[in-house]
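Student: Using the sequences plus the hints, can you model the full thing?
Keeping their order, the protein sequence lines are chains V and P.
Here the first sequence is numbered in our numbering, starting from 1 and rising by one per residue.
Here the second sequence is numbered in our numbering, starting from 1 and rising by one per residue.
Treat the hints as calculated values from the structure; they're not laboratory data.
Keep in mind the model is a prediction, meaning the values are calculated, not measured.
C-beta atoms are modelled at their ideal positions from N, C-alpha and C, and glycine is treated no differently.
Warning: the hint list may mix true and false statements.
[What the hints assert, rightly or not] Simulated coverage check for chain P against chain V, where a stretch passes if three residues somewhere in it have a Cβ under 8 Å from a Cβ of chain V:
{"hint": "1", "stretch": "117–129"}
{"hint": "2", "stretch": "157–163"}
{"hint": "3", "stretch": "186–196"}
{"hint": "4", "stretch": "279–288"}
{"hint": "5", "stretch": "331–341"}
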Amino acid sequence: MNGLASTHLTAGPHEVREGVVSVILVNYHGADDTIVCLEAFDDVEWPAEDLELIVVDNDSGNGEAERIAAACPRATVIQSGANLGFAGGCNVGVDHATGQYVAFINNDARPGPRWISAAVEAMRADPEVVSVASKVLDWDGERVDYVDGSLTWYGMGYKREAERPDDGSYETAHDVLFGTGAALFVTAEAYREVGGFDERFFMFYEDVDLGWRLNLLGHRVRYVPESVAYHKHHVTMRKFGSYRETYLLERNALMAMVKNYSDETLARVLPAALALSVRRTTEMGGVDLDTVRATPLSETVELAKLGLTGIYGVDHLASVLGSVWETRRELQAARTRTDAELFGLFRNAIEPAYPLPRYLEAHADVVSALDLDRMFSPAARILVVTGEPLSGRLAGPAIRAWEMSVALSATHPVRLLSTNGVEGVTHERFEVHQAVGEEIVTHTDWADVIVFQGFLLEAAWWLVGSNKIIVADVYDPMHLEQLEQAKDLGEQGRRGAIRDVTNVLNKQLARADYLLCASEKQRDFWIGQLAVLGRVNALTVGDDQELSRLVDVVPFGLQDEPPVQRAHGIRGVIPGIGMDDKVVIWGGGVYNWFDPLTLVHAIDRLKTRHPDVRLYFMGLKHPNPGVPDMRIAWETQQLAERLGLVGRHVFFNSGWVPYAERADHLLDADVGVSTHFDHVETEFSFRTRILDYLWTGLPIVATRGDSFGDILDEEGIGRGVPAEDVEALELALEEMLYDEAAAAAAREHVARYAEQFRWSRVLQPLMDFAASPHRAADHVLSPLQEEVQPPEPPGPPTLGGYARVMVRSLREGGVPEVARRARGFVRRRWPRTE
Amino acid sequence: MVSLMGRGVVVTTIRVAGSKTRLSPEAREEGVSRIESGDAAAVCFTPGGSDSPVLAAPSDVLLVDEAALRSIDKDLLLHVQGSDQSGDPATAMLDLQWRLNLTGHTVVALDGPITPRTLDAVRDEERRVEAVLRTLTTLPGESLRGPLTTVAELYLVSEALAGAGVDTDALDLQRSPGHDDVGTLAVPAAGVAAALGVAAALDGVKDAAETRATVQRRRRVSDRALAPLVEPAVGHLLGACDDASRDRLARLMDVCGVRRILAQPVRVLVIAPEDGPTGARADRLVNALGESATVRRLPAGSMAETGAGIDALYGQAQWADVIVLAAATFGDLPGAARTHAAVVVDLGAVDLVAWMVRGPGPGALEELMGRADLVLAADPRQRDLLLGALAGQKRVNAAVYDEDPSLMSLVCTDPDGDALADFCRHPVRAADVNLPPYVPPTKPGDLELAVRALKDGGPTELATRVARRLRRVYRPGGSR
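Tutor: Dropping the structure here:
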């Protein structure tokens, strides 16, 4: 690296003794502290023959070098001949070192017994770790000095944990951006290869710069809590005015930025950092701007030195820019890690760090104007949106959205948004919000990636023309559901519902950058619908010809944690269901595409041979008030009544079991059941209730024809039966309930089969996408579309419109109703002003 | 005559607030004639002005085609004219000239005097520096903005300190030990004023970001096309008024890589068949451009293989300042339509009808006409055809017509390839680039019309208008 940066680190050759640690201290007017530090090495657990103590005296004078040598004969004392600062002094020391490892310790610090051994162990264990950052406590060992290095976006290192009690929270080794020069290890080879400390820094932030440089050149710096040192802290600087330190901090932070940031990052942040340095320090120094501004340019002003530190620091950068930029060129050419890869090690880069009002305001404005928050956050911000209410009672879509949020929030900032209400649900890792209409803008603006189910593109129409990354979760082919569900609306209503929902889905398929579906069969269906929308094209078909770039299978999942029954949900709780009864559970809602009628008939037949059989419907009332009560639910209850089964063999929960309590019900069952009509919706659907059966180990009896029904026998997890076949259903239930061997075998297979559906596995495609989110190729690379306009607002009122309202009002309530509406109209149109 | 028909040039005079410079009638006449002839959209008068284009030159008076001001933020004019005293008029004048260039208008500098400016107090210098930094934050493109603003801040701060003879090592423990008992320093106000201006610019950073977004969205000329003009303009902006200060500025620009960026010629990407008349024409273009541009050539039909090399092709489109589609379509260069590059649809060696019949592909012609900044035809008849195609894509519109009633700047014949080469050397996006969306006016409702009638003439007027409306709607044998 650039020789100007490390004048006192010569090219060598250098003797290197394997296993030897060369400890380097720099002394400047601190002989008493230096001697205490050196004497502490008598108690360090490290072979004396493998320890080399080197003291570099930075021209202290007053016989300090001689005094140190006399007090500690085993230390080598080198007189540098000038005050080279900490950086230059260390480089002199390393230049004389013969150890395989070099260690730096401040002269006002002392080593703990395992300070050396723990550090060397860590470097020996992993060759990528070329530097160890020791844990540094205060002199008494009670409070933290250093346990992690944080770096602001404007190049200032800081220690977030400083002054906190050492309470056991900092005992985990981890990678860091930099260690503190107060106690730091580096392999001698790496230190010399990267050019050591940058002597242009003199002191302060040379350790930040070194660690940053090591990292971007592909090495690792590791915090090792077993390597402990104790530090009095800043004894040296107490001898000087505080402006000395501030000046060095300000100018060295700028130099570190210029050296280590990539071209793109530097171009964005350096101008703002220069300006903020002046703002910060003038405010720190109490510069009276009003007075200064009124001063004629021909006169002088008296300013606190502290207030000039930023200005002079900027000037210093200008004066050394040539040499610093030369170093930069070499470093940027040699770097192997990107800024984005290192931003996580900055910890909290958007930290203003100084409580100065005008500075804080400017800092906030800069962060906002340059979007620095987003730039320094390595992970994309993800908004998960559901149209389901979020409460203790979660239905399938809400569960899915919730589990996605849980998984994604392990590695990304996440918000979970419901457009249908939130009540009493929170999570420690992500925010839960509710919003409707224009309120949604705040959340879509925040997000980089939006994962949604349902009707979001209708409510948030602006997303269609935006550059946001949109992930459409189309695991539920709603238009196929409407074929049955909308029968209750009459012919025109049904036609309209199917058409409208198809349009909604087409809009999602046209706009989405990535789509999630529930099964391979469903995926083929969606590919067909994508094709007719022109989304199957040269830009979306990957090399594998599988369109995996555009649509992936993410089935419904089951929880990683095993179910726990805290109380009986059915047995001994529901009147008529005893502890020894055989319970068949219908583990979800009752919708028009299901066939509970055949099931009720089967139970009716089964009860004659097995009076202990019970059928329990877990929930009739969907938690989403927008989901209507369906005809089939009413018919089922009617049938059960007519057959005399209600309260004796068939039981209905008219509400909905809270999500967190469903295990109490499911674990009270012997068999899980799902029956449906032979219908196109069935073919492409994914029965989420089956996942609950798998989670709780229940053998399953279900109609064939959907993604699960066809594999029940094949996988041995239950029995599949033809649609509307009462006898087959009766026999299958009998076998799974009363044939102990068959039931036990099925349970064993369920336990095996269930593993592939853990949420942590099924969500992997989404996690992979979130790690590298992107717009779909055909959205980025195809010609521009028409600009998306907001939905048409209602037109201006017409006389005809008013006349129609009048006539309707007359019909509804006569003259008084007309008068009432007229009064309301007048109040709204010409509100009274105070 | 054709080029001026309907042009109706109106020349506006803009003066820097507080300047006492007066233009001679001859100088004014010279300037106006430049504008009316179409040689320039604006003329400034600066000492040593050599009748050549400038990005920005110090000037107290600017003559400008009023049409060219339409895309300029009116706030900027207020700053120049001193109506808004939060700005610096002289810097605003430089900013104005630069923006005119960005919107595709040439500014020519003629020789003329300017009034020397004097800044009295720190406040004045602070305001000037704020204005300078705002200009450099909003106008340069993305690759130039960061390095240029860095250079400006370092130059302004260090130049002021050096000019005032300030010892800036006084706080350095290494270079100036001692005197730690004293907490203050007496410094020349002129030395620190610029630094305070750098900090003061932070107060407008959010506004500047919004202004930048607007300016960059509407710009029609890339930085590389203006590169030869940038360094002198930056010198003027930063007040580098003698050789020594210009040298120091040049060194900073060197170190920070600004000069390296400015040295890059315009990048031209040519998508053309490898042979045939169009291929030969592409070869002639490459030769004609020589070292004045960096040219890459890709064969038409690069998208023939499904999914092959999409990212690489997109990277090529992102690289270019000008994309020449010679008998090629956007299918040959995915993503090109969405870049900021100027697009030339070169059909100058093509039998247009045969090409259309052979099939550039469904929708390809619409895409080309919708996005092209310049369309080149082989002969006048083909030009007419292409003009019709452009009209169908709403490209024959007020913005394009007002700037050039002949519409030659949008579509012209170019049998020899000269217009193509000229355009590639100095590409300018079409005048209708990134216009704000059209919002149709809302019609008033019946109640509003009724209230208006009452106000105009009372109940009688209302009755008359209602009767007229009923007669229109319920005409015997009419629509209802």
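Student: Taking beta carbons only, do three or more residues of the stretch 279–288 of chain P come closer than 8 Å to chain V?
Tutor: With 0 residues in contact (Cβ-Cβ under 8 Å with chain V), the coverage given for the stretch 279–288 of chain P is violated.
Student: Confirm or reject the coverage of the stretch 157–163 of chain P by chain V under the rule of 3 or more residues with a beta carbon closer than 8 Å to the chain's beta carbons.
Tutor: With 3 residues in contact (Cβ-Cβ under 8 Å with chain V), the coverage given for the stretch 157–163 of chain P holds.
Student: If you count the residues of the stretch 117–129 of chain P with a beta-carbon closer than 8 Å to a beta-carbon of chain V, do you get 3 or more?
Tutor: Coverage by chain V holds for the stretch 117–129 of chain P (8 residues, Cβ < 8 Å).
Student: With a cut-off of 8 Å between beta carbons, are at least three residues of the stretch 186–196 of chain P near chain V?
Tutor: holds (count 9)
Student: Can you take a look at whether the stretch 331–341 of chain P is actually covered by chain V? Rule is 3+ residues, C-beta closer than 8 Å.
Tutor: holds (count 4)
Violation of the numbered hints given earlier is confined to hint 4; every other hint is satisfied by the structure.
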